[in-house]
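Asks: Residue numbers (our numbering), protein chains in the order written: chain Y, 1 to 98; chain D, 1 to 422.
Hints are computed from structural coordinates only; laboratory data are not their basis. Note that this is a predicted model, so its numbers are computed, not measured. Backbone N, C-alpha and C fix where the C-beta goes; we use that ideal spot for every residue, glycine too. Some clues are possibly wrong.
Said to hold, decoys possible - Sample of chain D residues facing chain Y (criterion: CB under 8 Å; computed from the structure):
1. Thr150
2. Arg151
3. Leu199
4. Leu211
5. Ala214
6. Arg230
What the hints assert, rightly or not - Covered stretches of chain D, going by a simulated chain Y footprint (3 or more residues, C-beta under 8 Å):
7. 221 to 229
8. 342 to 349
9. 381 to 389
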Amino acid sequence: MPSSSPASPSPEFLPSALAELESGLSVLIAERLPELPEGFTPDTNLYDAGLDSMGIMHLLLAIEDRYGILIPEADVSQKNFCTVGNLAALLHARLRPA
Amino acid sequence: MSAPERYDVVVAGGGSAGLAAAVTAARSGARTLLIERHGMLGGMTSAALVHSICGLYRLRDEAETPEAVPVHEGFPAEVAQRLLASGGAVGPVRIGRVDLLLHAPSAFALLADALTAAEQRLTVRLHTELITAQRDDAAIRCVETMTHGTRETHEAAAFIDTTGDAALAVLAGAACEQAEVLQRPAYIFALGGVETADLDGDGRLRIARALVGAVRGGRLSRGVLGAHFRASHRPGEIYVTLDLENPPGVSTYDPLDPACLAALEQYGRGLAGPLVAALAEDFPAFRRAFIAALPTRVGIRESRRIVGEYTLQASDLLEGRSFPDTVALSTWPIELREEATGPRLRFPAGLCPGEIPLRALKSRDVANLFTAGRCLSASHEAQAALRVIGTCLATGEAAGKAAAAYAKSVGSRMATTQTGPL
Numbered sequence: 001m002p003s004s005s006p007a008s009p010s011p012e013f014l015p016s017a018l019a020e021l022e023s024g025l026s027v028l029i030a031e032r033l034p035e036l037p038e039g040f041t042p043d044t045n046l047y048d049a050g051l052d053s054m055g056i057m058h059l060l061l062a063i064e065d066r067y068g069i070l071i072p073e074a075d076v077s078q079k080n081f082c083t084v085g086n087l088a089a090l091l092h093a094r095l096r097p098a
Numbered sequence: 001m002s003a004p005e006r007y008d009v010v011v012a013g014g015g016s017a018g019l020a021a022a023v024t025a026a027r028s029g030a031r032t033l034l035i036e037r038h039g040m041l042g043g044m045t046s047a048a049l050v051h052s053i054c055g056l057y058r059l060r061d062e063a064e065t066p067e068a069v070p071v072h073e074g075f076p077a078e079v080a081q082r083l084l085a086s087g088g089a090v091g092p093v094r095i096g097r098v099d100l101l102l103h104a105p106s107a108f109a110l111l112a113d114a115l116t117a118a119e120q121r122l123t124v125r126l127h128t129e130l131i132t133a134q135r136d137d138a139a140i141r142c143v144e145t146m147t148h149g150t151r152e153t154h155e156a157a158a159f160i161d162t163t164g165d166a167a168l169a170v171l172a173g174a175a176c177e178q179a180e181v182l183q184r185p186a187y188i189f190a191l192g193g194v195e196t197a198d199l200d201g202d203g204r205l206r207i208a209r210a211l212v213g214a215v216r217g218g219r220l221s222r223g224v225l226g227a228h229f230r231a232s233h234r235p236g237e238i239y240v241t242l243d244l245e246n247p248p249g250v251s252t253y254d255p256l257d258p259a260c261l262a263a264l265e266q267y268g269r270g271l272a273g274p275l276v277a278a279l280a281e282d283f284p285a286f287r288r289a290f291i292a293a294l295p296t297r298v299g300i301r302e303s304r305r306i307v308g309e310y311t312l313q314a315s316d317l318l319e320g321r322s323f324p325d326t327v328a329l330s331t332w333p334i335e336l337r338e339e340a341t342g343p344r345l346r347f348p349a350g351l352c353p354g355e356i357p358l359r360a361l362k363s364r365d366v367a368n369l370f371t372a373g374r375c376l377s378a379s380h381e382a383q384a385a386l387r388v389i390g391t392c393l394a395t396g397e398a399a400g401k402a403a404a405a406y407a408k409s410v411g412s413r414m415a416t417t418q419t420g421p422l
């Protein structure tokens, strides 16, 4: 069962660099999207690789658990989930210390 | 108990494959009996509320092939054309590299009645279960059926197992097999009263966000995360497909285990009710939504399969292998759904149709037993491509022809009325 709220992020999971986020997200996504071509990039279209609304639900759970944040409804858009790059940019903005 | 009724061909299981097999056998001149356990024909295509027909069109890349290309002639094409003509289906609808027909399950059940009623040589038994199969040496002599306590015996020259579960084969002692890890089942139900215009791409994502939140908050169980939503072609109607995890208390998924099957049905309903209540509370588009139809039965993608004279392998389909006895084509990717978190797809080289030999529709060890549909002779992986409805219609038609020809060859009493156009 997922926890009722995302766990607080442990320090090593607070990457500030976009590149680190991209590689972390790539691992999470590759585990859940077996259709992703090998050597996919942050610009690879995830919908073309089979990401659908069910996949997004599982991905949301995983990302929120991993990074200890809640992605608000307003940020859950087709554009933000289209590529690893867009998702990393979204998380980067959310995780950056105010 | 009355005296046994004598047929040329008995078809066990009235899903899409059994319908195709029975109508084709009757049209080929065979006196045919079709046995179905539910009160309607269609199986997954009607009773389980599967609402799209896959495997009717070639796989294609849009740039190379701009239009959908039907792959089958004969019975599958007839079914598609009649569904479209009656308004019971729309399409083809393109999704990625596949095209499918979106149909109303009720329209398929009505069409199945019309198709069977038109065949004078075809008898249909509904609410009827197989209970035994008697053999003479290497061939089945008769089957016994039960209809709410009424027992009947049916003899035939040839038998077709389109039960989806190889139920006739196992009763007849024919070789069968079952993978240890099966494709996950799907629980499909219909909602009415939905403002479907509000369910655009971002609308679906908002639902996804809300469901994850409701699962985190303990308002919904994690099982709802297997949900897919698809608007039908009818106003206010959407279908929800829940790929099911194991119900609580069930450690191994086996749809042929009576306890597991009962648990699956109740688990599916138990997810559907709270899910719809939560959607109605959270989303204006669902405020007036109600469950318009629960399935008569949970959707099963894979269970027991018959071991045939040839067992189709994934490589046969992926590499486009040719056979001297090809009787049907497969035009669906290998769609593995061993996890309830979404499919893994494998497409054949060049997106070419896969060939299905007649030997994969004939039992290895029972001379007069044929099969079609999802329990044909294929590996676990190959079955993940062959199980779709368009291919079930095609293999059903092929099995119907082959069984009728077999019955004729062994000199059974064939109907003598004239065949041909009316």
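Asks: Run every hint past the structure and note whether it holds.
Replies: We went through each hint and held it up to the structure:
1. Thr150: Where the cut-off is 8 Å and the nearest Cβ of chain Y is about 44 Å from threonine 150 of chain D, the hint is violated.
2. Arg151: 45 Å, violated
3. Leu199: The hint is violated - leucine 199 of chain D has no Cβ within 8 Å of chain Y, the shortest such distance being about 10 Å.
4. Leu211: Cβ of leucine 211 of chain D sits 6 Å from chain Y, so the hint holds.
5. Ala214: For alanine 214 of chain D, the interface hint is violated, since the closest Cβ of chain Y sits about 11 Å away, which is over 8 Å.
6. Arg230: This interface hint is violated because 10 Å lies over the 8 Å limit.
7. 221 to 229: holds (count 6)
8. 342 to 349: holds (count 4)
9. 381 to 389: violated (count 0)
In this structure, the earlier hints numbered 1, 2, 3, 5, 6, 9 are contradicted, and the remaining ones agree with it.
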